[in-house]
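Enquirer: From just these sequences and the hints, can you work out the full model?
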Amino acid sequence: MDGKEIAGMLSRVREKKPLVHHLTNWVTIYDCANVTRVFGALPVMAHAREEVEEMVGIAQALVLNIGTLTPEFVDSMIKAGKAANKKKIPVILDVVGAGATGLRTNKTKQILENVRVDVIKGNSAEIGVVAGVEAEVKGVEAISVKGEPKEIAASLAKKMNSTVVITGKQDIIAGADKIIFFVDNGHELMGKIVGTGCMAASVIGAFCAVEKNHAKASAAALSCYGMSGELAAKQSNGPGSFKANFFDEIYNLDEEKITGLARVSRA
Amino acid sequence: MDGKEIAGMLSRVREKKPLVHHLTNWVTIYDCANVTRVFGALPVMAHAREEVEEMVGIAQALVLNIGTLTPEFVDSMIKAGKAANKKKIPVILDVVGAGATGLRTNKTKQILENVRVDVIKGNSAEIGVVAGVEAEVKGVEAISVKGEPKEIAASLAKKMNSTVVITGKQDIIAGADKIIFFVDNGHELMGKIVGTGCMAASVIGAFCAVEKNHAKASAAALSCYGMSGELAAKQSNGPGSFKANFFDEIYNLDEEKITGLARVSRA
Amino acid sequence: MDGKEIAGMLSRVREKKPLVHHLTNWVTIYDCANVTRVFGALPVMAHAREEVEEMVGIAQALVLNIGTLTPEFVDSMIKAGKAANKKKIPVILDVVGAGATGLRTNKTKQILENVRVDVIKGNSAEIGVVAGVEAEVKGVEAISVKGEPKEIAASLAKKMNSTVVITGKQDIIAGADKIIFFVDNGHELMGKIVGTGCMAASVIGAFCAVEKNHAKASAAALSCYGMSGELAAKQSNGPGSFKANFFDEIYNLDEEKITGLARVSRA
Chain A
1 MDGKEIAGML SRVREKKPLV HHLTNWVTIY DCANVTRVFG ALPVMAHARE EVEEMVGIAQ
61 ALVLNIGTLT PEFVDSMIKA GKAANKKKIP VILDVVGAGA TGLRTNKTKQ ILENVRVDVI
121 KGNSAEIGVV AGVEAEVKGV EAISVKGEPK EIAASLAKKM NSTVVITGKQ DIIAGADKII
181 FFVDNGHELM GKIVGTGCMA ASVIGAFCAV EKNHAKASAA ALSCYGMSGE LAAKQSNGPG
241 SFKANFFDEI YNLDEEKITG LARVSRA
Chain B
268 MDGKEIAGML SRVREKKPLV HHLTNWVTIY DCANVTRVFG ALPVMAHARE EVEEMVGIAQ
328 ALVLNIGTLT PEFVDSMIKA GKAANKKKIP VILDVVGAGA TGLRTNKTKQ ILENVRVDVI
388 KGNSAEIGVV AGVEAEVKGV EAISVKGEPK EIAASLAKKM NSTVVITGKQ DIIAGADKII
448 FFVDNGHELM GKIVGTGCMA ASVIGAFCAV EKNHAKASAA ALSCYGMSGE LAAKQSNGPG
508 SFKANFFDEI YNLDEEKITG LARVSRA
Chain C
535 MDGKEIAGML SRVREKKPLV HHLTNWVTIY DCANVTRVFG ALPVMAHARE EVEEMVGIAQ
595 ALVLNIGTLT PEFVDSMIKA GKAANKKKIP VILDVVGAGA TGLRTNKTKQ ILENVRVDVI
655 KGNSAEIGVV AGVEAEVKGV EAISVKGEPK EIAASLAKKM NSTVVITGKQ DIIAGADKII
715 FFVDNGHELM GKIVGTGCMA ASVIGAFCAV EKNHAKASAA ALSCYGMSGE LAAKQSNGPG
775 SFKANFFDEI YNLDEEKITG LARVSRA
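Chains as they are written, first to last, in our numbering: chain A, 1 to 267; chain B, 268 to 534; chain C, 535 to 801.
Some hints could be false.
[Claimed, not checked] The calculated BS3-like cross-link candidates involving lysine-lysine, where the alpha carbons are at most 30 Å apart (straight line), are: (1) A/K234 to C/K550; (2) B/K355 to B/K459; (3) C/K672 to B/K354; (4) A/K87 to A/K159.
Hints in this document: simulated from the structure, not taken from any laboratory.
Expert: This is how it looks when you write it as structure tokens:
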């Protein structure tokens, strides 16, 4: 996938301004909404069981994130997810902290059993947990995973007939169609602040809302996201100034920059 | 209303440091608290039904915002609102997403039936929904509204005997006394980040705490808020740096700047 | 305590990357997580009663903060606190708004009766309320306290056999061993934004995770935190740019800066 194709997808996000409905965690909820907006889409955060289905009814993508889950909150997620499935809009699930506690692991399973999830996203250990391989998650941090992330992603994608995204120094995107993308954009400062993982899922949601090939959409989203981090890091003295610059660079992305910086490859 | 009068109101906020009690949404709760503080007032965010009445008891204004409402949360809002009415402190209601779902529309009605709201605030479509005219709200974004916003605001203000505020490129403030103010301060970058609408309600709350004429207070608040955005935009490369500069400019507002930049007019 | 000892503690935080489990408020939850991360530790925010004990099981410190408490949330705190006591990891309690409402005062007592708290932290009036002296708290702001803060802290530390921290222009840390530290690092801009109090508790949590003398850990944490504020203020035009610079300076702290700037003294 070349820069021109990626830039074309970003243009569609900006033109169509898809509504990305989130049920997410209370830590990074602002950043998830803001990154969606700065990328040119429209965010909405609504979790009451009395309104999630109706809100899905006007949305173009649904992002679920279990970062600060409770059983009641997961019930709302499942309600929203079923409505999204019925309406055939893409569902993205960020399995934050799967493996850290039984609740997270079990609720992830319950969501996956009740909702068709189009993009399953996490770090290498979280995805390892979902795939059933040995892995250690310290809070929301990947410590270790047994096996090759690329193989784990591919195997889970096949099993679930979904796109699987592992974020990290190199992002791995395994499509249901057996095609695997690597995204080498990004900067280490992105890992020094809280929220870059969660925000990535929101960006994937915005791109999946305008592109039916969810593996391509995810790769394009992560490439734009990562290159904005690269551009921001050049002007930053640390994670505080980085974050402000990061949003500036996302906002100022254009075809020229994307063409010059995109680093997406196929396995 | 001239710059001197506006600057006088800001001075009173800074001197009296009114406590502005919020029951707001989980997305922009930090920004609402922070903008209140940076304007010189004191924020407090408390939603437990066991304490909202007591917290209102030490507050000088109450801000309600339905951005991530649940029925239980609205129950707490109504409890707090009734206590505020009894104590005769101003109540500001931000009808975030009214019209997007039945829950939001109905709960807005329920609040307005149970609490005397002094300032009803929203974007043009949200206020249209409250006023009962045809309008489309996409998540929390105004898409369309049937009719002239100025007329809708004036008619709703009369019906409710309240101040009605429609925020947008030009803010419209319709007082219960039939006086209408326009505020032409502001910058388009304010609409590129999440939270500027919610924060505006907090600022209105701080000003209403020190000025009994709520239409004037709202106009002064939005003028100060908007001019800070103008000043911030001049130094910003995008929405990330803009947000940091915006808080700096709010903090550094003084009579000279306000006198030079205020753009408040009467219909 | 000299700069070298403080710098050594910070190095241990960065090397060991302790997991600091938070049950905190919804206003500053992001900043609490982020400051933990920027200091080099790992944050995790989890409040569901179904998982708090298990999350404590992989944590090295527990931070409790009652800023937006509900009775159910406090139940989760007590569950987590008991698990932390059993595991013998340090528990930090930030008594945000104690004294502002009966709920906050009573729930603080309930936590202290059910959980052994290693570090009790608040502003002068909040700690006054916990100690049972006359004090006024306006929302989350200290207005007045009867008596000498140093004496109140020392007496409460003795009574509870805990470390007591009063934050303010000069921070006071009273150890259970009767040793009292003063920290004179800090800058007034830290008080102009929301969240610096809450974040301080997170930093104390990270340092207590690597240092058994909790009074020393708290003093070192507050010294590093305060000097980062001093460094940030020099480059800032107001509270917006200050906040970004603050995180940069925390991230860039090193032994040389700490040795030159630390201002910790003993009573």
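Enquirer: Determine for every hint whether it applies to the structure shown.
Expert: Okay, the hints, checked on the actual structure:
1. A/K234 to C/K550: holds (28 Å)
2. B/K355 to B/K459: violated (36 Å)
3. C/K672 to B/K354: Holds, at roughly 17 Å.
4. A/K87 to A/K159: holds (23 Å)
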